[in-house]
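Asker: Sequence:
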Amino acid sequence: MPRLDESLLTPMPPFSRLEKRQIREILDLASVRRFDEGVAVFEEGAPAERFYMLLDGYIRVMRITPTGEQVIALHIPSGQLFGIAQAIGRTTYPATSVTASEAIVLGWPMRLWDQFVAQYDGFASETYKTVGQRLGEMNNRIVEMATQQVEQRVANSLLRLINQTGRKVEAGIEIDFPITRQDLSEMTATTLHTVSRLLSAWEKQGVVASRRKRITVTDPHRLVLICRGEAPPSR
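If you're matching positions, the sequence shown starts at 1 in the UniProt record's numbering and goes up one per residue.
Note that these hints are calculated values from the structure, not bench results.
Derived Cβ-Cβ restraints for the label pairs, each shown as a range:
| # | residue 1 | residue 2 | range |
| --- | --- | --- | --- |
| 1 | 56 | 219 | 28 to 36 Å |
| 2 | 7 | 150 | 38 to 46 Å |
| 3 | 87 | 170 | 38 to 46 Å |
| 4 | 86 | 150 | 33 to 41 Å |
| 5 | 147 | 56 | 30 to 38 Å |
| 6 | 112 | 149 | 40 to 48 Å |
| 7 | 219 | 47 | 42 to 50 Å |
| 8 | 45 | 191 | 21 to 29 Å |
Under the rule of at most 27 Å between Cα atoms (straight-line distance), these lysine-lysine pairs were calculated in the BS3-like manner:
| # | residue 1 | residue 2 |
| --- | --- | --- |
| 9 | 168 | 204 |
| 10 | 20 | 129 |
| 11 | 213 | 168 |
Here the structure is a predicted model, which means the values were calculated and not measured. All C-beta atoms in this analysis are idealised placements derived from N, C-alpha and C, irrespective of residue type, glycine included.
Turn these sequences into a full structure, and let the hints steer you where they fit.
Answerer: Now the structure itself:
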């Protein structure tokens, strides 16, 4: 790929306090790769040899339960670091990262992590802030699993996705990467049949519109009411 310009990293929080020459140093130490949709950047349990910055696209973070079920823990949008195992004291990756769309990724050897933390102003504070936000999101998901009905969990997941990745279209707010009903079932610890039934009912009610690998929320307020348990159950 062509030599990347420093302006690519300037607006991204881990690097936003740095001078142009420092960003050049960081880019010169990086490798750049383009991934097709659905490709694993790294696997859960593998040695954490590199950390990454997502320049473009979306990453789906996945865990495997003790019973062998696949669970989607969260989605990472462009402009964020991932694979930062050393930030949480790990020598192996705690989850699998798979591209949810085509993606362009910067990668650095993990041995440079301590150097970046010590040398570049704001890198550590912004990175640990990101770690805290992700842990908070995952804790919220755990509470949802334990306390909410399936309908509320699916509605919450859709709202979270449009808040994080949504783009305005004529019909409403579309999740800005390919997502299937199977993906939603893995995000909400429910069955594909249940997710399909709910989405079909919500389509009839004008709450969502879906087509192959695309979901648009057409009535966000209705989804909020469903999350709160204030809307009649879907039939």
